[in-house]
Structure formats: C-alpha cells, structure tokens
Amino acid sequence: MDDVKSNDSLILYIQNLFHDSADLIVRKITWKDGDGIICFFSTMTESSEVNKQIEILRLRSIAELPNWAGTATSSVEAFSVPKLVNSVTNGFVAIFFPATNLLMTITIPSFEVRSTTEPTNEFVIRGPHEGFVESIDKNISLIRKHLPIPDLVRKDILIGTDTNTKVTYVYIESIADKNVVNEVKTRLKNIDRSKIYSIGQIEDYLEDSVWSPFPQFLNTERPDRAVANLLEGKIVIFTDQSPSALIAPVTFFSFYESPDDFNGRVIVGSFFRMLRLFSFLIAVFLPAFYIAVVGFHSEILPFDLSRKVKLAVEFIPYRPIIEALIVELFIEIIREATIRLPAPIGPTIGIVGGLVIGDAIVNAGLVSNLMVVVVAMTAISSFVVPSVEMNTTIRIIRFPFMLAATFFGFFGIAILALILFIHLLNRSSLNQPYLSPVVPFDPSRFKNIFFRLPYYKNHKQQQTFKHGGGKRKKGDRN
Amino acid sequence: MNFNISRGQFFLLLFIVQSGSSFFSFPSPFINAAGRDAWLIFLVAGAFHYVMLLFYEQNYKHFKIGQIVGWLYKGYWLFVSIVYLAYVDYTLAVWGFPKTPQFIVIAVLVSVSLYANLSRAETVINLSVLLIPLILLFLVFLQFAWKDLVWTNLFPVGESTSVEWTKGLLKAQLAFIGIELYLFFRKHVDKKQKIKGRPLFVYQLVWFLFFFFSVVIILLYFTPKGLERIPEPLLFLLKAQEVTFVERLDLFFLYIWTVWTIVTVTIISFAALYVHRLHSTKHDKRDTIIWHILLVLLPMLFLSKQSMEQLNDLIIYVYLVFGLLVPVTVIITNRRKRK
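Residue numbers (my numbering), protein chains in the order written: chain A, 22 to 499; chain B, 84 to 422.
Simulated from the structure, these hints should not be mistaken for lab results. One or more hints might be untrue.
Claimed, not checked - With a Cα cut of at most 27 Å, we get these calculated BS3-like pairs of lysine-lysine: (1) B/Lys144 - B/Lys420; (2) A/Lys468 - B/Lys270; (3) B/Lys322 - B/Lys144; (4) A/Lys159 - A/Lys73; (5) A/Lys468 - B/Lys182; (6) B/Lys388 - B/Lys270; (7) B/Lys274 - B/Lys144; (8) A/Lys210 - A/Lys187; (9) B/Lys270 - B/Lys182; (10) B/Lys322 - B/Lys147; (11) A/Lys216 - A/Lys187; (12) B/Lys365 - B/Lys157; (13) A/Lys331 - B/Lys322; (14) A/Lys199 - B/Lys420; (15) B/Lys388 - B/Lys308; (16) A/Lys329 - B/Lys144; (17) B/Lys157 - B/Lys147; (18) B/Lys182 - A/Lys331.
What the hints assert, rightly or not - If the Cβ cut is set under 8 Å, some of the chain B residues that face chain A in the computed set are: (19) Leu175; (20) Tyr198; (21) Leu210; (22) Arg331; (23) Ile345.
Here a beta-carbon is modelled for each residue, glycine too, at the ideal position from N, C-alpha and C.
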C-alpha cells in the first residue's frame, strides 16, 4: 500500500483488485475524520439499505460515541487487503479509512434464496413439509426454530483457497461427544484443496473409508431429520450453496429410519421399519437367489414351482446372469432417464419403458417373465430405503451377488454375504462402529432397529469398537 | 494385541468354535461308537466338560506360555483348521460342486478368513454374531422332524458295553475341540463382568443342550443300523423334511454350516496369529498371509474319503494333548514356579 498516494489511486487499486467488475461499487465518502472509500458488490448487497446504515454510523461517529462503529450490523478492525477482499466477496459493505487505517464492515446482504419447499427426494406423509435451501444462515435458522436452546452450537470454517467456501457444523454441546466434535474440526481443517464447491467433496474428505460403497454420512434436506439426529448427539454439517446437510456419526440402521416412523402410530411405524429392513434383503439377495436357483439348485423348489420356472427359462437363449443384467441395465436406464426428463414426460416414459418395452422384451423371448418379476421387485425394494445414498449402494452391491451366484450358486451368495458382513464390521463413521447396536451388541438399543417405541428419547451412539466403549446419558431409554 | 471383550462375546466366540465344524460331523461317529446309550454317555461327557471349564476358570491366570508351547499351539490350530477345511471341502464336493476344482473352493473359503484376519481384532471377535439367527433357524427346522421321532428308540438303557462307553467318551471329545481358547482369551474379558458361577454354568448348559439335542434327535429319528451308513445324519434328517415352500431344506443348511465352519476357521486363525504376535510383533500382515497360504495348500493333501476318516479319528487325540495335557502341564509348572 506504500505506493498508494491518494484516494483516487486507492479507488483505482481496489477496482483493479476486483478486475473492474461491473457490479463493483467503489466510491469516496466523506466522514468526520477524513474521507473513506466505500466498496461493495451491488449484486450481493441491499443497495437501498446502504445509505441508511451509513447515515446511522456517521451520526454515531459525530456524536463521538465510544466504539461508534460497533453495532449489531457493523464492526471495525485494522485494515488489510485480504480482509477487504474477504468482506466484499462475502457480501459485506466495506469502508476503508486511509487516515486511521481502519476497515469498517457492514452486513447488508441481499442473496437470492428460494423458499423452503419440501425436499423432493425425502417425502413424508406426516410431519413438517419444509426443507433446507441453498443458504447456511437460512438452514441454521430452520434448525434453531426447532431447537430454541442455547446449547445448540454453530461453528464456521472457510475451506478452499480459491472458492472460500463456508462450511458450518452444528451440534448440541451437552449431548455431542467432544472427541467426535474435535475429529470433525480436525478433518475439516485438514482439507487442503483450492476449489471446494459441493458438499460431496467435503464428504469425501470427512469419510473414514471413501472406497466403501456404504455411505458413512447421512445426507438429508429435512430440518426435522437433522434435529432428531442432533438430539442423538450427532453433528450436522452444511456447506454454503447446498441444500443438503451431512449427518455423522451414523450407523447402517440410521439409513432405515424415517421421520414418518415417529409421526405415525407406534405399531405402524414399527411395521414399516421392519418392512424397510426386509426390503434390504430382497433388494440385495433376490436376483442372486433367482440366478442360483435357476443355475444350480432348481431341486430346492417345490415340484410345481420348479416346473413353472423351467418352462419360463426353457426358450431363453442365454444364462440367467445375462438375462438379469439386461433387465437390470434396462431398469437403471429408465430410472436415469426419468430423473433427467422434464417432469411432465417422466412418468410417461416410465410407463412406456416399464410396461410396453418390458412386455415386448418378454414376448420377444429375450428374457423370461419370471426374471422381469424378480428385477421389478428388486428395483421397488431398493427404493424403499429413505436415503438416496443407501439406495444407490444397494443397487450397486447386488451385482457382485449376482456374479457370485452365477459362479457358485448358494455357496457364492453365502461367501459374499460373509464378506459383506466383515466389510460392514470394519466400517466406521467418524471412528464409531457402523453396525452398532448389533455389533458391538447393545441390548438396550437393539430393539430400536426393528421397533419404533412408544415414545422417543434421544440416545447416543456406540463410540468405539471395543466392548464397553459406548457412553450413555443417565435416563436415556431408547 | 490389545482388545477387551464382553462376557457375551467371549462365550459366543467359544460356542461357535466348539460347535463350528463338528456339530454336523460329531453325532454319527459318536453314536456309532457309543451305541444305544449314547445320550447317557453324553450326559457324563457333559459333566466332564463342565469340570474342564471350572478348572480353566480357576487356573487361566497361570496359563502363560513360552515361545515353544506357542509354536506347538500354532501347529495344533493349523492341523485343526486343515481338518475342518478338508472336511467342508469334501462335503461340498459331494453335495454341491463335484466338478469344481477343489483348490478353488478352499481358496474361496480361506479368503474370507484372510480378509477378517487382516481387519481389526474386534471384527473377528464379532463375526460370530452373524450366526446367531442362523443357529436359531437350524434349531427351528429340526423341530419339523418331531412327528417322525420314535421315542422308544431311547430305551432300553444300560445296554452299551464298557468298550462302547470308553469309545463313546473318547468320540464325545469332538464336541470339546476349541475349549482351549478359553485359556487364551479369558484374560481379555471385561474385569467388571463375572464369569465364575452362574454365567459359566449357563454357558455349559447352552453347549450341552445344543449337542445333547442333536444326539437325541438323531437317536430318535434313525435306527442304529441305518445310522451306520449315514455320515451326516443331521443333513439327511433335514433333507427328509417336507415343507410347503421349499423341497430341499438340507441345501440351505449345508451352506449355513459352511459359513459356520468358515467363521470357526477364522477364529482359530485369529487365535493362532494372536499367539504368534505374543512373541513376534514384526511383519503382522506378511505372517497372516503366509498362514492363509498354508490353509489353502495343506488341506489339498487330505481330500479323499479315507484321509478324512483318518483325520477325524486323529483329531481327538491331538485335541486331548492340546486341550487337556498341555494346559494341565503348563498350569501346574507355572503354579510350582510361583510357589
């Protein structure tokens, strides 16, 4: 700054700093102790409010109030170029006073944020119909609306030297495990990357095992789901410009819980929870089971059923695995297409793809009608899980099972199931066991996997793989 | 290796290893040797098992082994694993994969143990949890045979000769194999949890009832003559059951038993590597891989029916050395040294 000799050259310097951007406002303003330079982006600031705030601050300055710049919306600090850049790019109004070398920042943001609509991929029948949006502040306000308590702590961290992405983690001080909070903090601080623009990137850095197909963070756009998890001692992580929140530490079974369980009746909630877990078994094992039965063990079926299966596959020109792959691939293509298609056409394509082409493919003798039934049931079962990540995981892991069944029949399925179980035993979410409360076994929480109990009390997750490592709050029941 | 386990985890691990491979292979040789009084003989064997557990519980703190005894145990567990793997591979070849090269099946079986043993200790310890629902399912399906059971088959009692009693008690030791793990893992059980007294008795009861139930149900279902020709009577019994939804129940349980055996071999491998690490902390991963290569190669030498029968006869005597003789010797020696 030594080369900056006058306010005009200072204005030019700031304009150059922001490459003379068209929405940048840099002007000289008159102040009590000499001129100041005001600087802000008109597209990120409520311009009509700027003059009002400046007038208020000017009057405070003239009245010589102690700490005249410190108000609810403004603050003052020693000037530095990085601070100026950071303030302006984050939507603050910055006023630099060259005479005193102070930088005053005023918060008058004006960002376009959509309204809080219900997330399209996490519908519930009963319960709040609001969702997170692409603004951290608005998302935190939604959580604070549910949890008006002083124990709710918010911590911010800026990640990405080029993108300056704000990452926020939220937890309840009295419930969350301090080690887990510190772990999140450390992992976030260790992210050494210049460009961070999505929550998926953050997830990659935070996960214990990035190569596992199983998600170790629960993604949600629902404030009520985030709040329920906060009350269980978990940590919720947001990034700016993303409507998704990451929740951890979680267990495998967390992905099978839905807010609907607690909004509906006890028995109904329990029934659907068990149904979801059963759907996991169908989604992963059914096609493999079918392939094993047709290819290796047709004798296990009762005679009548066995005859029908044989009749169905008799004229199919290739092995069941090829049949299964054709139909599975076909279903995946329809699913992918319906996501990208405009909303009014999507269901039509689904019907045409599913019914018309499905029927034609069977009539043409390319696949058997039984295989279509099996794959359709599998596809529907995989969509039962109330988590998009787990849903995709299930859809992927059934392929190795199908291959194992092709080579070894039931033996292959049994071996792969064992390997899958070991894989899940090895997994952790923020260093905490993924299969808890089954392993390590916790009888007091085990029932929660299957039953939604009559009333809901927050509980904490098992914290280590070692026996006796889990801590519980006195009075916790579920 | 530092790990802490609960009482439940400890007993489950012990139960799985003891029942692992032998529960299908145990009843036939035992009943053939013991005759009609097999169930009475097993009552006596059960009492002996309890005495052993009490002895182990009393003295496990004195069971400290040196490098030589450690190597002997590693050899013993290698032998037990080979017998189990050869047996399961032979059975699979007969029931499921007559044309598949046997080394492929063994390699697939061993790969699971390798994966688990390259993971953290808690993974192997908790692996048995997967079997709990499968064991319950097995017991439930055995109940379907109740209408075919002939209750008078249990009587008359007292007809077995002293030779049959001796042979029966010896063959009953098949169900004891794995009990020696008690001495190795007992010290890792949570100090706050009591083992002595009721918990130990409950474990004894569960172990006893499980094997006793399988012996009794086979005695009630088969005639002694018929049993001589059936190597896996439990599988045969399941095969004979008629249920509406499935024609061959036995096939499901064949694979459940396969999983059971794999878990057993995994735990035994874990025990061997645990003992190995007591005296050698270097090259953990390399040693684990070498152990599993041996597990793939050595069973290949014993895949014929004759070898299987010889190994099944031999394993009892090897067990008596390492489950009874060596522990008693080590414990007495250490107690004397302490004095």
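Hint check:
The suggested pairing of B/Lys144 with B/Lys420 holds, with an alpha-carbon distance near 13 Å, which does not exceed 27 Å. Between A/Lys468 and B/Lys270, the direct Cα distance comes to roughly 30 Å. Violation of the 27 Å bound is thereby established for this hinted pair. The hinted pair formed by B/Lys322 and B/Lys144 fails the criterion: a straight-line CA distance of about 46 Å is larger than 27 Å. Proposed proximity of A/Lys159 and A/Lys73 is supported: the alpha carbons are some 24 Å apart, at most 27 Å.
For a cut-off of 27 Å, the pair hint linking A/Lys468 to B/Lys182 is broken: about 45 Å separates their Cα positions. Between B/Lys388 and B/Lys270, the direct Cα distance comes to roughly 40 Å. Violation of the 27 Å bound is thereby established for this hinted pair. Only pairs whose Cα atoms come within 27 Å are accepted, and B/Lys274 paired with B/Lys144 is accepted, the gap being roughly 13 Å. Pair hint A/Lys210 plus A/Lys187 holds up; C-alpha atoms about 12 Å apart against a cutoff of 27 Å.
At most 27 Å may separate the alpha-carbon atoms for a hinted pair to count; B/Lys270 and B/Lys182 exceed this at roughly 46 Å. Restraint check: the Cα-Cα separation between B/Lys322 and B/Lys147 comes to about 46 Å, which exceeds 27 Å; the hinted pair is violated. Distance restraint check for A/Lys216 and A/Lys187: the Cα-Cα separation of roughly 12 Å lies within the 27 Å cut-off, and the hinted pair is therefore satisfied. With a C-alpha separation of about 17 Å, the suggested pairing of B/Lys365 with B/Lys157 holds against the 27 Å cut-off.
As the CA atoms of A/Lys331 and B/Lys322 are separated by approximately 22 Å, the hinted pair is consistent with the 27 Å bound. With a C-alpha separation of about 48 Å, the suggested pairing of A/Lys199 with B/Lys420 is violated against the 27 Å cut-off. For the given pair, B/Lys388 sits about 21 Å from B/Lys308 by alpha-carbon distance, which is consistent with the 27 Å threshold. Using a Cα cut-off of 27 Å, the hinted pair A/Lys329 and B/Lys144 is violated, with the two alpha carbons roughly 63 Å apart.
Between B/Lys157 and B/Lys147 the CA atoms are separated by roughly 15 Å; this keeps the pair inside 27 Å, and the hint holds. Between the alpha carbons of B/Lys182 and A/Lys331 the distance comes to roughly 23 Å, so the proposed pair stays at or under 27 Å and holds. With 8 Å as the threshold, the beta carbon of B/Leu175 comes within range of chain A, its nearest partner Cβ sitting at about 7 Å, so the hint holds. For B/Tyr198, the interface hint holds, since its Cβ comes within 8 Å of a Cβ in chain A; the closest pair sits about 6 Å apart.
Below 8 Å, beta-carbon pairs count as interface contacts, and B/Leu210 has one with chain A at about 7 Å; its hint therefore holds. The restraint placing B/Arg331 at the interface with chain A holds, with a minimum CB-CB distance near 4 Å, inside the 8 Å limit. Evaluation of the B/Ile345 hint against chain A yields a held restraint, the C-beta minimum of about 6 Å falling below 8 Å.
The structure fails hints 2, 3, 5, 6, 9, 10, 14 and 16 (numbered hints given earlier, in ascending order).
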